[in-house]
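Chemist: Those protein sequence lines, which keep their order, are chains A and B.
To convert, count from 1 in the first sequence and add 21; that's our numbering.
To convert, count from 1 in the second sequence and add 34; that's our numbering.
By construction, these hints were calculated from the structure, which means they are not laboratory data.
Please note: incorrect hints may appear among the correct ones.
[As the list claims (entries may be wrong)] Simulated pairs of lysine to any residue, SDA-like, Cα-Cα distance not exceeding 25 Å:
#1 B/K338 x B/V380
#2 A/K148 x B/L50
#3 B/K185 x A/Q240
#4 A/K141 x B/A364
#5 A/K141 x B/T162
#6 A/K141 x B/P302
#7 B/K141 x A/T225
#8 A/K141 x B/L275
#9 A/K148 x B/E51
#10 A/K141 x B/L50
#11 A/K141 x B/L80
#12 B/K185 x B/D199
#13 B/K294 x B/I307
#14 B/K317 x B/V378
#15 A/K141 x B/I307
#16 A/K141 x B/S41
#17 A/K148 x B/K54
#18 A/K141 x B/E286
#19 B/K108 x A/Y189
#20 A/K141 x B/S107
#21 A/K119 x A/Y189
#22 A/K141 x B/E39
#23 B/K108 x A/K119
Here the structure is a predicted model, which means the values were calculated and not measured.
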Amino acid sequence: MSAGDLVTSAPGREPARHSLTTRIVIYGLLTLFAFIYLIPLVVMVMTSLKPLDEVTGGNMFALPQRLTVEPWIKAWGEARIGVSDTAGINGYFFNSVKMVVPAVLISTLLGALNGFVLTKWHFPGHKIVFGMMLFACFIPFQSVIIPMAVILGGLGDIGRSLHDATGYSFGFGNPTVNLVIVHVVYGLGFTTLFFRNYYELFPTELIKAAMIDGARFFQIFRRILLPNSTPIFIVTVIYQFTNIWNDFLFGSTFAAGDQAPMTVALNNLVNTSTGVVEYNVNMAAAIIAAAPTLLVYIVGGRYFVRGLMAGAVKG
Amino acid sequence: MNALEISALRKRYGALEILKGINLTLEEGGFLVLVGPSGCGKSTLLNTIAGLDNISSGEIRIGGRSVNGLLPSKRDIAMVFQSYALYPNMSVAENITFGMEMRGIPKPERERAVADVARKLQIEHLLTRRPSQLSGGQRQRVAMGRALVRKPSVFLFDEPLSNLDAKLRVDMRVEIKRLHQTTGSTIVYVTHDQIEAMTLATKIAVLRDGELQQVGTPAEIYDEPANLFVADFMGSPAMNLIDATLIKVAGEWMVRLERKEHPPIVLPVPAGIATDRLPADGKVIFGIRPEAVNDSESIDRKAKSVMKFEATVEIVEPAGADTFVVIHVAGKELTARMRSDTSVAVGESHTFAFNLDKAVLFDPATSRRL
């Protein structure tokens with residue numbers, strides 16, 4: 022892949038042209054900025070491993086005198102979140118997982134399908150449709166909250182009538198389902214853009230060959246297109262996962278109480294106005310909240326750069 | 035029976051007409067080559083036969099059955115693409131059987147078919163590999179295997195050799211020709227390479243701007259081009275086309291080629307051209323292939339009508355088997371294809387000869403052959 026070549030070949034011939042002082046300045050600055058970026062994380066990790074008296078009494082930058090995982094256990098399973106009776110953030114963590122996984126998968130698959138249709142299955146007006154989907158990327162979150170609330174309210178009404186009639190609401194009005202819908206709709210513009218740009222460079226002859234082989238629309242999509250979309254699939258999953266997991270606005274607006282996602286729970290934990298502020302517990306909870314996105318980047322980061330470069334540099 | 039019949043085929047994109055009423059037939063076992071410059075519509079024509087492009091009007095019949103509106107997979111065709119279009123995520127064997135899998139043919143039968151085709155194309159050792167692990171020639175073979183396994187009425191080839199290097203291209207050309215001869219299959223083949231067209235075809239169709247210029251055997255296309263375009267397009271180096279005038283000498287019509295430093299060449303009108311078809315204004319274009327211009331001693335002995343003339347050698351291009359010699363006649367360069375051991379030197383005068391049996395005349399007004 023040429024993206025990799027570009028990255029490795031450019032520094033390969035740079036050092037010869039730079040003097041020692043230039044290199045000292047460059048590496049010095051890089052080290053300084055790395056330090057600045059890492060300090061908060063280091064402080065968070067250290068604080069989360071200290072007992073509370075050490076946190077309140079001591080220096081923020083001091084190494085823990087006595088290592089303890091007590092704050093982590095408390096954050097995960099015991100801490101009181103806001104006014105709720107549930108103990109610990111674990112319930113909210115799984116709320117987020119239950120909401121993020123379907124939202125990411127559905128929006129990514131629909132984006133792939135849109136990209137396929139927009140590039141290889143041209144229909145009249147496909148450019149206008151794509152333009153409008155692109156426009157969706159620029160709509161601010163806040164502006165859709167009220168219309169979204171009206172729609173979700175309508176879905177809630179349907180759920181209640183279904184519940185009255187059959188004793189089961191089929192997911193209508195469920196806050197997690199609502200958030201999945203919101204994030205799928207909001208994410209579709211981005212996922213479509215990613216996949217459209219990737220499939221634009223996908224050889225059309227492969228589609229034609231599959232058509233001659235007798236494959237239908239969804240067979241072509243599943244057997245030819247998807248297996249050859251790994252890089253962009255991972256890019257889209259990382260992007261969507263990060264955005265949806267980190268979302269606070271929709272989560273706090275459309276899911277309250279026990280159904281709230283992790284980000285809202287973290288806020289409720291940290292912003293408590295009663296009792297002593299347990300910084301070590303707060304830090305542990307914050308790290309737990311950030312862990313999944315970090316993990317996704319570490320696992321898929323290699324593809325992220327590669328996938329973003331695909332299309333930018335003709336390979 | 036004709037394996038392929040195309041009648042009054044038109045293809046429009048909005049106001050732009052790509053194919054302007056194509057009529058073509060191909061008998062069973064025939065090898066039709068569609069040839070023309072880029073943008074002439076030859077690939078579009080192939081795509082309409084395959085059903086990958088729909089047509090605006092007209093009819094396409096394959097094996098006597100109208101295929102208008104049928105899906106590509108229902109047309110009883112197989113196609114080999116320019117990029118081979120092998121599915122990168124599948125092994126060679128899976129590539130070859132994908133179509134059968136789509137048609138729901140059971141696995142044992144698919145495996146038998148793969149083994150059969152792999153033996154025929156000598157790709158048995160490649161069956162478990164991915165396309166990315168194959169060389170250009172091997173990919174080409176797999177692409178042909180994928181087409182062969184379908185046993186279609188008509189094979190469609192879309193410039194299949196243009197991605198190969200020069201040597202491999204010649205090898206694969208021979209292989210395609212052998213495939214055609216041993217299996218007796220019907221083939222439609224698109225290329226812009228007129229040598230491929232000449233060597234492979236039993237029938238050539240020359241296209242230009244969506245219109246058929248001429249359909250015929252390679253010999254007909256080469257020796258009796260229908261118009262100036264075909265004459266110029268087919269053959270390398272191209273046919274010499276020289277402005278000439280008609281004059282009447284002793285009651286006979288003659289062709290006169292003006293020259294600056296030499297006396298004009300006056301030739302009899304080539305045999306087989308009726309005098310009443312000669313243009314009234316007396317202007318014609320004299321066409322002669324480079325191999326019909328030679329030394330006076332090495333001109334074809336069987337030639338019935340030979341015209342000798344003196345000319346100054348301008349450029350000598352040795353090309354191995356032949357030597358191309360450029361002279362000037364009537365303000366135009368004229369190339370002669372001569373023996374490699376010919377003794378001509380640049381700047382010297384030499385006696386050349388036209389084999390007039392091979393000469394043709396064109397009407398410059400209509401550009402059609404007389």
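Chemist: Looking at the structure, which of the earlier hints fail to hold?
Modeler: 1, 4, 5, 6, 7, 8, 12, 13, 14, 15, 16, 17, 18, 19, 22 and 23
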